[in-house]
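Build the full structure now, drawing on both the sequences and the hints.
Protein chains in written order, with the working numbering: chain A, 1 to 336; chain B, 1001 to 1336; chain C, 2001 to 2328; chain D, 3001 to 3328.
These are calculated hints, taken from the structure and not from any lab test. Since we're looking at a predicted model, the values are computed, not measured. All the given hints hold, so there is nothing to weed out.
Keeping only pairs whose Cα atoms sit at most 35 Å apart, straight-line, the calculated DSBU-like set for lysine-lysine is:
hint, chain 1, residue 1, chain 2, residue 2
1, A, Lys336, D, Lys3322
2, A, Lys248, B, Lys1326
3, C, Lys2328, A, Lys188
4, B, Lys1039, D, Lys3328
5, B, Lys1193, D, Lys3322
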Amino acid sequence: MADMRVRQAIVQALKDEMTNDPSVILFGEDIAAAEGPFKTSEGLLEQFGPDRVRDTPISEMAFTGAAVGAAMMGMKPVIEIMFMEFLGVALDQLVTEAAKMHYLSNGEYSVPMVVRASNASGLGFGSQHSQTLENWVNATPGLKVVTLSDAQSAYSLLRAAIAEPNPVMFLEPRILYAERGSVDTNLKMEIGKARLLQNGDQVTVVAMGNMVNVARNAIKETGISADLIDLATLVPWDRDTVLNSVSKTKRLVVVEESPFSGGWGNEIVAYVSTQLFGKLLAPAIRISTPDVPVPFSGALESRFAPTSSEVSRQIKELVEKNQAPKPWWIVEGVSK
Amino acid sequence: MADMRVRQAIVQALKDEMTNDPSVILFGEDIAAAEGPFKTSEGLLEQFGPDRVRDTPISEMAFTGAAVGAAMMGMKPVIEIMFMEFLGVALDQLVTEAAKMHYLSNGEYSVPMVVRASNASGLGFGSQHSQTLENWVNATPGLKVVTLSDAQSAYSLLRAAIAEPNPVMFLEPRILYAERGSVDTNLKMEIGKARLLQNGDQVTVVAMGNMVNVARNAIKETGISADLIDLATLVPWDRDTVLNSVSKTKRLVVVEESPFSGGWGNEIVAYVSTQLFGKLLAPAIRISTPDVPVPFSGALESRFAPTSSEVSRQIKELVEKNQAPKPWWIVEGVSK
Amino acid sequence: MNTAIQRREEVRKSELAWYERMLEIREFETQVNALFASGAIRGTTHLCNGQEAVDLAIASTLNNDDVVAATYRSHGIGLAMGLTSESVLAEIMGKATGCAGGVGGSMHLCNKSLGLLPTSAIIGGGMPIAAGAALAFQIRKEKRVALAMFGDGSTNIGSFHESMNLAAIWKLPVIYICDNNVYGEYSRINITTPIEDLHMRAESYAMPHEKVDGMDIYKVKESLANAIDRARSGGGPTFIEAKTYRFSGHSRADQALYRPEGELEKWQSRDPILVTENHLIKAGKLDSSKVAEMKAKAVKDMETTIEKVQKDPDPQINAMFKNIWAVK
Amino acid sequence: MNTAIQRREEVRKSELAWYERMLEIREFETQVNALFASGAIRGTTHLCNGQEAVDLAIASTLNNDDVVAATYRSHGIGLAMGLTSESVLAEIMGKATGCAGGVGGSMHLCNKSLGLLPTSAIIGGGMPIAAGAALAFQIRKEKRVALAMFGDGSTNIGSFHESMNLAAIWKLPVIYICDNNVYGEYSRINITTPIEDLHMRAESYAMPHEKVDGMDIYKVKESLANAIDRARSGGGPTFIEAKTYRFSGHSRADQALYRPEGELEKWQSRDPILVTENHLIKAGKLDSSKVAEMKAKAVKDMETTIEKVQKDPDPQINAMFKNIWAVK
Ligand SMILES: Cc1ncc(C[n+]2csc(CCOP(=O)(O)OP(=O)(O)O)c2C)c(N)n1
Ligand SMILES: Cc1ncc(C[n+]2csc(CCOP(=O)(O)OP(=O)(O)O)c2C)c(N)n1
Ligand SMILES: [Mg+2]
Ligand SMILES: [Mg+2]
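Right, dumping it as structure tokens:
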């Protein structure tokens, strides 16, 4: 067990996989000599040399595509998309090429690559550098999607992602890079398995990324007895764990940092509502961001993603009244 | 009232808007001299000249961005992305630039542009030319998303999209281009309004694009009395119309051509399940594609998107048993 | 040795096999066109008539363990590299026996043993992938090369620029070869592109480049051989522009009525098959009776192929669910 | 006339105003840096120290109704074009009084009356947008031009290539100006780009191009004026590479320790402010006491600005919900 920051856990995972497997290579913008804009590749150039750790030009399409090609030739590239938004200039290679290669080659080629990308709000990076954007990669058969929520999952899930024989989108909420946590480097986590972080019986709270931490605090504030599930993998998500939990608690709250309209939480709420029809005590609900671009000003951004007080208010109301609470922007009447 | 093919309705809408408003311009690959790969700009170069109707290089990022810039200067560009997949090389301009310009300019600039794109399966174009991909543009505050389902909506919704002061993603299921229908050129449709196509009381069926037609046939086959709603606008979708209908019928079926995991129908099912909790007779369900890339072979592709027999089977089962039916690939045990 | 590799060996060893293969390809495309017209094939298809010399040059000059990232205009390169007519036609017809089991179709051919990566239907799709394959070879110090093929119109996509730059700065063993067949879909290259000699674009990346007569397999091979040598010996990438011409329309529906008068005929007088034929006749390796015999054989073989493939089974429904996720 | 336009007129009319504005920008960036360091500002910021000549050349040479698509490195061009220090600082501090009401931040400045499009934080974001603005001017036969600014590293993004090609083939009245400040983030340009003179890339598009000393506003203006003339008279786009240097790190956290020894100092000896100063002194428009006075004023003004802006109100919570959807 070691205490480390999330960014260090990422470095450690990369280091351990690179040590074990010479086919693991890294590239991205300023990840080598500068050790990464978020210091997530500290020491790796020095340890593994310039062949395996490379700085790229500002060419996301080219280097994402290069990862596809290298992976098809048996390497395991781990590339860094500095801010998730930059996939907007390179999405083709991930969704339309990488995800379909195994299929289109009749199973002959596979694409064991990992695309790491920082995402989400909270640090004052503005509308074009703060989105979550899971939708861009969701609903793409052939592509797995994973999000870290703490140092342990950073370490264990990134290792699992690198070991995967399929392309994996690995999302790293930027706001967590500096967070500390204890890491057991022997702990394995499986892609496709949710993490049941906390046990309770009144409500199931499902979250991903930093919303896991927000939800944890919110649950504590309410004093309500809750199952807290870190979904961790969005594709393919762990239907069993979620269904089992909600079958027990009979209430579901999804806490997500994505827009009220169209966010990934709809998938969870819809599936559970359909499957457990007639068995729930309260409507399954989502706590999300409002339908707005991420605002810069701290006065606004601090309320953009669900806060623990908003989450605790909604959980409390749901459990007490068995009715769907309204989001804060409706309650406060500020969205019109 | 005129009888025309969907592709002709598109031409007519473009022509009428271009006649009314000299700021409407068109560009895209082979849309001018060749009159469009799907003949959706027939006669327009001849009528409006090469300044307003332009062929572009194979440069989706550049010409999508050019539409953004021209729109900000007061033009109304309508561009054609031949196959929706090609947005994978240009998504940035639509989602990260166009959709946020009004916000980031404090309301000073607006971006009245339309991106037309053909999408969906059924014609043997294979995995990289047959996807629906609504997710790429969903959940993007500032960007509207519309899908035509017949000649009338092709005409009326395209005109509405061009008149919109915001960027609009206008989706055209390719398989419908040759379909005929009667078109009233005086009929206005509003973006954001669903179309209630058929009235019934046992179930509400919500669909978009060609699935509207599939659903219509399916309903007929079952003999069940159903509300059929063409959602038409995905962002912002018409919550009122759907809620009103389901409040009446107490059953909801969403028929969508997008993957079981992550498809847009989750939004509808989740919202309705939450809002009408305790008021439904049966679980709200989705009928979707399986989680596979679009296969080429006719033997496979013919079953990829929901068929009318699959839809009627599921609707019947839902109405009769008030339980969620299993999709065909589970029933037949072929997906493992 | 599987049939595909055997067929590859043929074109790597014998000049006559180039000619034979070109005839096979031409007949294949002719019949595919007819099958489409008759409704026996669905979807779309992009014929390579006029461009066979480039396909054969690539297949016969690369080693078996080199790799090729090609495009939707894939039949010629697939057959040249060694795919059998049966497996290509079956793929185009969506049969279980197709080289991708029928899930790919005309735009997506593939064969790992030949180094034919799944061909991409997205403009610019294969260019960075080839760079990445070359990166793997470079890191592992293998003397293999990757090659990306694409058309003239594709030199206007961002991926072209980024891939060329990346390949150049990393000195990757990759060859970019542009089949300049004068048209991108229905647009003549001059409508979309302000320069004529596309190979000059390599200057932006300090990358060696060359223009070559794409109708003459001997010339294309010479140029390719130099580029391959350079790549294998650590000299980095090369950009080759092969001047060819698309004898058919862009895809099946296209009659290519937009061509300036006489353009097609001018280029047809330099038909790559004719050019090869003349070479071989001059070298005493071919005569007119042999030509007639080989042409007749190509027609006959294709008849047999069609007959066979038409009886091949469709994929079973569970084929749709296979090969989505790789397993360790 | 609003203050912003008045400020724009100043730099369009007087050489001394260029110098004054450069001092203002330099002091602005110095104080922004300090405010970041002190924690008074959140997020990130990209200073333009060393690049002021290009900003002023653009602002003073373009007409008021021309438009500029710039980047996250936006403070200098914003101030040069006429935004007040208050409105820029307020934006950077997320105040309601910011030029984008505080929702934008350091990377997103905007002012329609000045023709400053919302600056983009995406590499390559503004390049096609500028082409599109120019397209509007061309179609409406207005004699306006659009200009896109970007850095050296940004010439490796696909959007650069596509935009240049589109602008060239359509002969759009657009000017592409590359601030080659030697670095893209922490990477020296030679690490990512195989050629040194980036303007040569315009050859791929048969586009006129020029390299210019970016530390000398007079030279940049001359080059720009030619390009603008060409654009206004229907001659199409131009690519200008201004050789400058980034005196600061890439963004606030960056100490730029990766610079080769002496490089910064070499460039600092050609500080654009110094170069302008020398020009003006030589022309008799400035002397050392005036210099001292103007510098002191810049410092004083910025102090006032900071004091004022710090007291400005935060946006109200409903600001988050405004201006998402345009209404007819
Ligand atoms: C990103 C993208 N944009 C557009 C298309 C549609 N498209 C298919 S082929 C083609 C023309 C390509 O021309 P060229 O590069 O000259 O190749 P050729 O077809 O002549 O072999 C176009 C525009 C596509 N497949 N991908
Ligand atoms: C598509 C995209 N990729 C990467 C980035 C991250 N990024 C921001 S600034 C920058 C360096 C740009 O360098 P250059 O073009 O030289 O401009 P400069 O910052 O020197 O003005 C990078 C890589 C981005 N904003 N957008
Ligand atoms: Mg071509
Ligand atoms: Mg730079």
